[in-house]
Amino acid sequence: GAVVSQHPSWVICKSGTSVKIECRSLDFQATTMFWYRQFPKQSLMLMATSNEGSKATYEQGVEKDKFLINHASLTLSTLTVTSAHPEDSSFYICSASAGHTEAFFGQGTRLTVV
Amino acid sequence: DAKTTQPNSMESNEEEPVHLPCNHSTISGTDYIHWYRQLPSQGPEYVIHGLTSNVNNRMASLAIAEDRKSSTLILHRATLRDAAVYYCILRPRSNTGNQFYFGTGTSLTVIP
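Chains as they are written, first to last, in our numbering: chain A, 1 to 114; chain B, 1 to 112.
Take the hints with a grain of salt, since some may be wrong.
According to the in silico footprint, chain B covers these stretches of chain A (three or more CB under 8 Å from chain B) [stated by the list, open to error]:
| id | region |
| --- | --- |
| 1 | 44 to 50 |
| 2 | 102 to 112 |
Just a sample of chain A residues kept apart from chain B, beta carbon distances all over 10 Å, derived [what the hints assert, rightly or not]:
| id | residue |
| --- | --- |
| 3 | G16 |
| 4 | A72 |
| 5 | P86 |
| 6 | S95 |
Keep in mind the hints are simulated off the structure, nothing from the lab. Cβ coordinates follow ideal geometry from the N, Cα and C atoms, glycine included.
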């Protein structure tokens, strides 16, 4: 299947700082990218959907000013967690899709805010 | 978004077939049925997807009921590496509003 690369795999940051997570589709053009958050023993929760060149669509309850999503090209999307707090510690996963076909997922980023 | 219902957990013996069920009684005519699986501390992995007809690939088979209100993911010979959480997801065939919403999935345990 297609490859989606997510970086970094893990990050530890201090409370109040911002963290950027990158998601790249390596061998296909992703018209749509999704960002998820997953807490331990729980399922993936969709945070937002972004289409290349457009503003991201955020799910209800997700603060768009806190979780900044940029999808500047067909192969790159970024999620920036601004002013991170310990409750933002989670496993963040990106996904990329071309149209309505299958989606391919990154390996996830473990964020720990101390 | 259309909902799916899956058993929370299932067990299988190694090298035996596994049938993972999924109910989606509110499926619409344009919804594709997708299956993904997730190993611990990893992103989900695509398994298979289909619309109306049964589908086969190197990983699994997907059997879709004639009324499309249920489907079954079939792993023909379970291995220890198949132990994962399996998610059944409906995705609209649309260029917009085609998000993937994950349910709780089925945690598959493979017994050696």
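Quick rundown of the hints versus the structure:
1. 44 to 50: holds (count 4)
2. 102 to 112: Contact hint for the region 102 to 112 of chain A vs chain B: holds, 8 residues under 8 Å.
3. G16: Given that every Cβ of chain B is farther than 10 Å from that of A:G16, nearest at about 27 Å, it holds.
4. A72: Its Cβ never comes within 10 Å of chain B, the nearest being 19 Å, so this holds.
5. P86: holds (20 Å)
6. S95: Given that some Cβ of chain B is not farther than 10 Å from that of A:S95, nearest at about 7 Å, it is violated.
Violated hint for the displayed structure: number 6, the only one.
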